[in-house]
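With these hints in hand, go ahead and build the complete structure from the sequences.
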Amino acid sequence: MTAVASSKSSIRTGARSTEAILHATNLRKTYQLGRTKVPVLRGVELSICGGESVAILGASGSGKSTLLHLLGGLDTVDRASGSEPASSIMFRGQDLTRVSVRKLDDYRRRRVGFVFQFYHLLPELTVLQNVTIAAMTAMGTFEYWRKRGQIRSDARELLDRIGLSHRIAHRPAELSGGERQRVAIARALINKPDLLLADEPTGNLDRVTGGSILDLFTRLHKEGQSMVIVTHDETTAARSDRVVRLVDGRVQGG
Amino acid sequence: MYQLLLTKRYLTSKIMPLLAALAVALCTAMVIVVWSVMGGFLVMLINSGRTLSGDVSISWPITGFAHYEELIKRLEANPEIAAAAPVIETYGLIGLPDGRTETVSIKGIDGPSFSRVTGFEDTLYWRPINTPTEKDTTRADLRLGKHDLWKQLFEGGKRLVRTEVSKSDRKPIDRPAVVPGISVSGFNFREPWGFYPGLPFIRTTEGAKKPVDMFMLPVDGTVTLNVLPMDSKGRAIEMVARTFPVANEFHSGLYEIDHKTVFVQLGALQDMLKMNRAETIDRSGPTVVISDDPSKEEFVTPVVVSEAPARVTNVLVRSKRESYDTADADRLAVVVADIYREFAEAHAGKVPEPSSIRILTWVDQNRTMITAVKKETALVLFIFCFVSLTAVFLVLAIFWAMVSEKTRDIGVLRAVGASRSGVAGLWLLYGLAIGLVGSGIGFTLAYLVVTNINGIHEWLGQKLNLYIWDPRVYYFTRIPSQLDPTHVVIVLCGGLLASCLGALWPAARAARMNPVQALRFE
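In order, the protein sequences belong to chains A and B.
So in the numbering used here, spot 209 of the first sequence is number 209, and the numbers just go up one at a time.
So in the numbering used here, spot 52 of the second sequence is number 52, and the numbers just go up one at a time.
Wrong hints could be hidden among the right ones.
[To be verified] Per the computed footprint, the stretches of chain A lying under chain B, defined by three or more beta-carbons under 8 Å from a beta-carbon of chain B, are:
id: 1; region: 67-81
id: 2; region: 140-146
id: 3; region: 214-221
Worth flagging that the hints you see were computed from the coordinates, not collected in a lab.
Here a beta-carbon is modelled for each residue, glycine too, at the ideal position from N, C-alpha and C.
Following this line, the structure appears as structure tokens:
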């Protein structure tokens with residue numbers, strides 16, 4: 001039976017609204033491993049309100065990363081079959097499961113920002129370039145050229161806010177794990193997304209560094225940033241407004 | 001924009017793309033050098049062939065046509081025509097001092113007028129020179145320095161005469177002489193440093209050089225020309241042989257011409273071929289009046305009833321334009337044809353009809369040679385371009401490996417909003433950049449090689465005794481090369497296209513990648 005997590009959500013900070021910016025219904029995702037079909041999500045329903053911080057907690061293989069990818073428009077849901085109701089991800093009145101590839105690309109560019117467990121910075125680029133590259137994908141060459149001063153200024157300001165202004169010209173290989181993750185967060189925030197999606201953001205860090213990253217998330221949340229954090233760690237999850245437990249591809253509670 | 005940034009970064013931070021650019025550079029340089037040398041070779045061949053053929057030729061072979069002096073006047077009155085000259089072209093045998101007899105093309109010319117139409121004077125080999133040829137570092141060329149013999153030979157060569165002292169009154173007289181091509185005699189062998197040694201030798205059957213006690217041909221030696229005159233209906237009359245002294249030798253740079261052509265004074269050849277001016281006399285009456293009174297006996301002066309004017313087989317025409325354009329030659333041929341039409345109308349029935357006469361441009365005359373070299377150039381280019389296709393596969397292989405290596409980056413780009421076409425565009429732009437860098441390096445390399453090809457060749461010869469372009473074989477002192485801007489642009493575009501083609505498949509692969517799988521790639 002599918003639980004509706006959003007119905008149990010409680011509001012703990014004053015920086016958010018009660019209106020859901022994203023509402024996912026009956027999310028189903030199956031992977032094909034050879035001849036075997038492996039269902040990962042079996043009808044997940046989830047709502048994210050503006051300014052809300054939601055933790056998706058689950059064991060390894062529970063489908064939490066897959067859920068994050070679906071919410072971020074990186075992956076697609078299963079096609080509806082038989083009598084099962086179709087999956088939908090409503091974002092500000094638009095069903096992401098039915099929009100064109102182009103609109104989905106645009107959604108990833110402007111509406112969401114990803115933070116990954118392994119940072120996924122581009123090794124050839126400097127810290128500043130790793131942050132601005134996300135802005136570059138959001139606009140054409142000429143538009144970027146026109147606005148490059150403002151974008152770089154925004155990126156510097158962001159890096160300053162997360163304590164990396166002295167590392168702007170460094171390459172990822174010259175940074176510590178925590179610093180890399182901060183750069184990844186800055187990259188996710190450069191386009192001022194409605195929703196920050198973080199996949200095990202502290203999973204590759206020691207406790208102290210991970211704690212500082214979580215402090216950063218908390219600070220961002222207090223500033224009104226909506227976010228979904230995928231984690232298998234109860235402590236990490238506990239910092240969020242709401243916890244959604246994912247077991248065997250289904251939401252258990254929050 | 002991110003494509004530009006990443007292209008720049010990938011290009012400067014990896015060794016593999018630089019290897020791909022190097023492959024493109026080498027292929028580009030190779031094709032440009034080959035095309036430049038072959039193109040230069042063709043131009044040099046055409047120029048050498050054209051040197052002795054003029055721009056347009058009016059031709060009526062074997063029997064020739066009359067009133068050519070008037071035709072020449074009409075031609076030279078045209079503002080587009082610089083000069084015209086009469087020529088007789090025939091084939092015959094040449095008897096050489098060592099007893100050999102060779103078949104040759106014999107051309108009867110009037111030296112001064114022929115020089116106005118062609119570069120004949122410049123081709124005369126034995127002449128005084130002030131500066132040695134480029135490869136003659138030891139100044140071994142006998143023609144260097146002021147030597148009266150060279151001056152005398154040069155002056156004689158220009159007029160095709162040999163000045164001799166009369167045995168009767170000891171006054172100098174000019175005897176009609178021949179100017180054979182430098183390779184006709186078989187005594188001149190070109191040395192690797194590009195000139196004829198002046199002291200001829202014969203190659204023995206063992207391959208050794210046996211000096212010959214003579215210069216050029218024997219200084220006072222002669223050659224014998226054998227020709228077969230024809231009557232006006234093209235019937236052979238009787239073989240005519242005449243011995244001529246040698247005035248000089250010519251060197252056009254084209255072996256086929258230098259090996260098989262002999263120039264002789266026009267008047268002398270007209271005599272031999274019965275193409276000179278002739279009178280028909282009335283033989284019906286007595287030629288001698290016989291009387292009982294010896295004082296009243298007398299020879300009767302024959303009555304000339306008709307006159308056959310002198311004939312030539314060709315009139316060569318030179319344009320006032322110093323252009324090598326085929327279209328210019330075609331336009332001049334039209335002008336010449338119009339003039340000939342008027343000339344033929346004025347001499348109706350006495351000269352060939354305008355529809356029958358052959359009016360050929362220098363391109364038409366050398367078509368076989370030009371076509372052969374053009375085809376050879378095309379074939380060589382095709383082979384080299386085919387070889388250059390390896391660059392496409394090299395770029396493909398390197399890009400394929402790079403796309404695999406950058407799989408996670410592709411996932412990141414997709415996660416931050418890059419579209420499939422944007423990712424494909426990144427790799428195509430990267431391919432284009434490899435092509436640009438490779439083509440740029442290739443062009444620079446080719447430019448350096450082409451502009452210094454003779455120096456490089458010389459260095460190879462000195463250091464490794466490797467003479468790829470042996471003048472004894474090719475008959476050009478220098479390796480010809482001509483960097484044609486159009487050819488360069490075509491090759492550079494080819495280099496860019498090859499790189500983009502090589503990048504196409506990897507780019508499509510990158511674009512098709514599932515971003516989630518790409519992010520999980522290890």
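Right, here's what the structure says about each hint:
Only when three residues or more bring their CB closer than 8 Å to a CB of chain B does the claim for the region 67-81 of chain A stand; here the count is 4, and the claim holds. Only when three residues or more bring their CB closer than 8 Å to a CB of chain B does the claim for the region 140-146 of chain A stand; here the count is 4, and the claim holds. Check on the region 214-221 of chain A: 0 of its residues sit with their Cβ under 8 Å from a Cβ of chain B, so the three-residue criterion for coverage is violated.
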